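Listed below, chain by chain, are the residues.
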Amino acid sequence: MNPLPTEAKRVLAIDPTSKGFGFAVLEDPTVLIDWGLKRASGDRNVKSLEKAAELIERYQPEVLVVERTAAKGSRRCPRVRQLIEDLIALALDRRLRARRVSRRQVQRCLSKIGSATKRQIAVALVDRFPELEPHLPPVRKSWMSEDGRMGIFDAVAFGWASYESLRRERRALTLLSLETPLPHA
Amino acid sequence: MSAPLESYLRTYRKRSGFSQDEVAFLLGSTSGAKVSRYEWLARQPTLPTVFAYEVIFRTPARDLFAGLYQKVEKETISRARLLARKLAQARARRTTPRKLAVLESLSSGLASPQLEQR
Chain X
1 MNPLPTEAKR VLAIDPTSKG FGFAVLEDPT VLIDWGLKRA SGDRNVKSLE
51 KAAELIERYQ PEVLVVERTA AKGSRRCPRV RQLIEDLIAL ALDRRLRARR
101 VSRRQVQRCL SKIGSATKRQ IAVALVDRFP ELEPHLPPVR KSWMSEDGRM
151 GIFDAVAFGW ASYESLRRER RALTLLSLET PLPHA
Chain B
1 MSAPLESYLR TYRKRSGFSQ DEVAFLLGST SGAKVSRYEW LARQPTLPTV
51 FAYEVIFRTP ARDLFAGLYQ KVEKETISRA RLLARKLAQA RARRTTPRKL
101 AVLESLSSGL ASPQLEQR
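Protein sequences appear in the order of chains X and B.
My numbering numbers the first residue of the first sequence as 1 and each following residue consecutively.
My numbering numbers the first residue of the second sequence as 1 and each following residue consecutively.
Read the hints as simulated data drawn from the structure, not as lab findings.
All clues stand as given, with none of them false.
If you want a taste of the chain B side facing chain X, the calculated C-beta under 7 Å gives, among others:
1. Ser2
2. Thr11
3. Arg15
For clarity, every value in this text was computed on a predicted model and none was experimentally measured.
We put the beta carbon where it would ideally sit given N, CA and C, even for glycine.
Construct the entire structure; sequences and hints are all you get.
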């Protein structure tokens with residue numbers, strides 16, 4: 001078993017679903033700490049927020065990652081859009097950084113291995129994190145609705161993509177600082 | 001950088017695919033409720049249980065309880081510095097230099113030369 005890094009930035013990624021939310025906690029792009037589904041009944045947004053607060057309390061993440069619902073191609077209902085905004089407010093209240101990741105960003109990060117559909121992304125994630133294999137739902141037929149377990153894979157993908165986008169931003173900043181001429185003394 | 005979690009028992013259990021009841025069986029316990037309490041830090045495992053966890057996950061306890069280990073290490077080192085100051089101020093005995101060498105190596109995070117010989 002791979003040893004876990006002791007000095008890494010912890011990320012909590014949450015992907016709301018119709019019955020609650022899927023979540024993933026990562027300490028590094030290669031280290032998955034926890035993952036799963038949380039069910040929320042009754043007032044789903046209120047219950048989801050309570051359960052997200054428990055996860056924040058338990059894992060003390062530095063960053064909360066959610067879907068960028070304003071991005072082109074995002075199809076989320078008003079309830080989920082509101083829940084995502086409430087989750088960001090909760091993160092800011094707990095002094096965490098909130099990061100929004102679009103589905104396009106996830107696809108771009110995983111495009112190197114030709115992953116485009118949600119199923120392909122889930123399979124690519126199972127390659128990286130074999131512990132997720134038991135949660136991989138069967139291939140979805142056109143008449144089937146989406147399996148709830150896909151929420152886990154979406155959350156892991158958001159968390160993973162947030163590291164990748166952060167890495168790209170840092171690299172861009174480094175290049176920018178190299179290109180900027182130093183003022184003459 | 002995030003501080004490590006106090007316990008990674010849940011991570012290692014989920015990685016290996018065991019249920020809480022199965023781990024409880026391996027630990028010689030009757031129900032998974034105790035395992036849940038260990039994972040959620042509601043209860044501290046006994047020393048034999050910690051060793052059993054080491055055997056099950058083939059991981060040293062300092063990695064399974066990374067945050068707790070760091071906390072204990074920090075506190076112990078700070079006590080070692082205090083003891084070193086006390087010893088330096090007290091009347092020197094024959095064993096004092098040896099003790100000070102051990103305490104100094106503790107503070108600097110190095111293995112003690114005297115203890116290494118064991």
